[in-house]
Amino acid sequence: MPNRIIEAYVGEYASGKSENAVNRALFLASCGHAVTLVDLDLVEPCFCLRPLRETVEKAGVTLLAFATEDTFGLGEAGQTILPAARFALMRQGDIILDIGYGIEGSKILNLLVGAEEDPDLQVILVVNTGRPMTDTAEKIISYAQSLQRVDGILLNNHLAEETTEEFLLQGVKIGEKAAAALHVPIVGVSVAAEILPQCSKVKQLPYEIRPLQRVMPNAFW
Amino acid sequence: MKKPIEKETRAYMTGNEVVAWAALAAQADIMYGYPITPQNEIMHYWTRLAPQFEREFLQTEDEASAGFTTLGGVMAGRRSFTGTSGPGHMIMQEAMCMAEMMRLPLVSIIQQRGGPSTATVIYSQQESTLACYGGNGEGFRVVYSTCNHQELFDYTIKAFNTAWKHFFPVFVLGDGYQAKMREPVTLYDPEARGVQMIPTKPLLGLPGTPGVDRDPAQLRNTYNTEEELFAVVEDLRKAYEEIVPQVAEYQTYDCDDCEYLIIAHGVVTRTAQEAVKNLRAKGIKAGHFRPVTLRPLAADALLPIACRAKKILVAESALGQVKRMITDGIYGCTTPIETLYKPGEGIYTEEIEAKVLAMAKGE
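Protein chains in written order, with our numbering: chain A, 1 to 221; chain B, 1001 to 1363.
Read the hints as simulated data drawn from the structure, not as lab findings. Computed from a prediction, not measured in an experiment: that's the story for all the values here. All C-beta atoms, glycine included, are put in the ideal place defined by N, C-alpha and C. Keep in mind that a hint or two might mislead.
Computed beta-carbon distance windows for the label pairs [claimed, not checked]:
| # | chain 1 | residue 1 | chain 2 | residue 2 | range |
| --- | --- | --- | --- | --- | --- |
| 1 | A | K58 | B | P1304 | 48 to 58 Å |
| 2 | B | R1270 | A | G32 | 37 to 47 Å |
| 3 | B | T1118 | A | Q204 | 48 to 58 Å |
| 4 | B | T1118 | A | P217 | 40 to 50 Å |
| 5 | B | R1280 | A | F167 | 51 to 61 Å |
| 6 | B | T1047 | A | A84 | 46 to 56 Å |
| 7 | B | T1118 | A | Q92 | 40 to 50 Å |
| 8 | A | E117 | B | G1135 | 42 to 52 Å |
| 9 | B | A1358 | A | Q148 | 38 to 48 Å |
| 10 | A | K201 | B | T1009 | 20 to 30 Å |
| 11 | A | Q148 | B | R1010 | 49 to 59 Å |
| 12 | B | Q1150 | A | A193 | 43 to 53 Å |
With a straight-line Cα cutoff of 35 Å, these simulated DSBU-like cross-link-like pairs (lysine-lysine) come out [what the hints assert, rightly or not]:
| # | chain 1 | residue 1 | chain 2 | residue 2 |
| --- | --- | --- | --- | --- |
| 13 | A | K139 | B | K1361 |
| 14 | A | K173 | B | K1310 |
| 15 | A | K203 | B | K1002 |
| 16 | B | K1323 | A | K177 |
| 17 | A | K173 | B | K1165 |
| 18 | B | K1277 | B | K1238 |
| 19 | B | K1007 | A | K201 |
| 20 | A | K139 | B | K1007 |
| 21 | A | K58 | B | K1342 |
| 22 | B | K1285 | B | K1238 |
| 23 | B | K1002 | A | K107 |
| 24 | A | K107 | B | K1003 |
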């Protein structure tokens, strides 16, 4: 299976993992790829991608996530993993994995069958320098080192509707410093689609710019 | 003590993180707690940050212990706090009542979840009665009901000062929505804004010999006779009533000429404020009264507004917990009251608007 895109999005709590994973899946589907989006968040199971099923399926993306009715009765009684999600790497086409936050979240890769051997799997760290836990290169480096694997950094710097181009550019500098120290590439810079037209300097950056449609506000629990 | 926030910063955070940073900024020394959703990230972030700023954390074996160890911290003169939710909040009531009785400056952050019992880990406004009047207490508490991240930050800081100034337990009453949602917030060092943190002091283990050099520092919650207890509770009542004018807080929106008064607290004030704007645009004279402190309730401010209105709507994500406090607070007011209750569910602007429009049509 050549040229498969297999990406696992990891990162700090509220760094934008789900937002970027969903956007990535929708983008790849719009390019004609067969895409499977997998909700592997066991830290907060059943809450994240579930409400977006209709949106992503309409776009042709296959979603592996619990349906609301599947979660009824589970309450907080332990953690559950959708069996299909565990074997997601055996599927054809592109696979985008939305992983739970932090060290515990990233350990889920241990449960993903074939993760260690898969030559195409990229573990992408989503970083927002607008968040106090990752607002300096030093903090990002130390956080990345606490995770078992990071293959690239996706900069998702923003302050919601208050994001400015200046803020984006400052964040890129911080991200570059961290990426250099970690010896991993910056795989992209996400920018809210509505402000991108006003960001001429960001567009000139030597990175893939990923316009972001905010879908997660509709997914809130 | 190393400053966690050197300069004012705009940041994008979840509500629980905001609380952890606010407690750091307020120079809190220690958090005691036991995990429960949706307040967990207060603990997560506190435990990650505390060691960097020479603060401490103790995870106890349950919420009863978390409540009492927080009181222990307070007695030792440490700026202490805890955070909990739902069933944990219930279990902690014994310590919270002890704080009322002993006048201990306990600070608790409550992120309300659905009830009764374990219910959901998500959202509700069903812990208002518990926060205000829980256990076998008499409500000698201050309860701030916040509506956004900035308020979570501001009122967490304020809670410590209210507690250490007045020596009553203080609650910041958030909810699962506020805990988990993300929005920009300004983080600041209170001292840089002219807010001095009130110095803490040990309440026990004082220097000198009790009865010789000083009065005994006797903190009691047990009494032998009815008369003795009655006198103590009367003293508590008087002390509490004295602070009411200083601590009661509220906000009004278009209340001067309002005919339809919407009363809502916490996050529901956000939809109520929107509803007022939309209703005014449709020619309906709507207004909104928001109690910021549920306890004490700013009843003196609310009464004339309530009496002037044609009709009142109380909207809350519970079955009338705050409405009961309102009707008690405005006793004697004859304005008809209608309700929009959604226990454990969010309330939308459109729902409030539709209800007020129906009220205006006399439906």
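Determine whether the Cβ-Cβ distance between Q1150(B) and A193(A) falls within the hinted range of 43 to 53 Å.
With Cβ atoms ~27 Å apart, the hint is violated.
Given hint K1238(B) paired with K1285(B) - CA-CA distance at most 35 Å:
Roughly 39 Å between the alpha carbons, so the hint for K1285(B) and K1238(B) is violated.
Take a look at whether the Cβ-Cβ distance between K201(A) and T1009(B) falls inside 20 to 30 Å.
The hint (20 to 30 Å, Cβ to Cβ) holds, given that K201(A) and T1009(B) are roughly 23 Å apart.
Straight-line alpha-carbon gap K139(A) to K1361(B), limit 35 Å:
58 Å, violated
Can you confirm whether the C-alpha distance between K1002(B) and K107(A) stays at or below 35 Å?
This hinted pair holds, its Cα atoms lying about 33 Å apart.
Against the range 42 to 52 Å, how does the distance between the Cβ atoms of E117(A) and G1135(B) compare: consistent or not?
Violated - the Cβ-Cβ distance for E117(A) and G1135(B), about 57 Å, lies outside 42 to 52 Å.
Outcome for the supplied range 40 to 50 Å, where the beta carbon pair is T1118(B) and P217(A):
At 28 Å between Cβs, range violated.
K1007(B) and K201(A): Cα distance at most 35 Å?
27 Å, holds
Below or equal to 35 Å on CA atoms is what counts here, so check K1323(B) against K177(A).
55 Å, violated
Does the beta carbon distance between T1047(B) and A84(A) stay inside 46 to 56 Å, or does it fall outside?
35 Å, violated
Assessment of proposed distance window 51 to 61 Å (beta carbons of R1280(B), F167(A))
Once the Cβ atoms are compared, 35 Å apart, the range 51 to 61 Å for F167(A) and R1280(B) is violated.
Are the Cα atoms of K203(A) and K1002(B) separated by 35 Å or less?
Roughly 40 Å separates the two Cα atoms, so the pair is violated.
Hints 4, 5, 6, 8, 9, 11, 12, 13, 14, 15, 16, 17, 18 and 22 from the list above are not met by this structure, while the remaining hints are.
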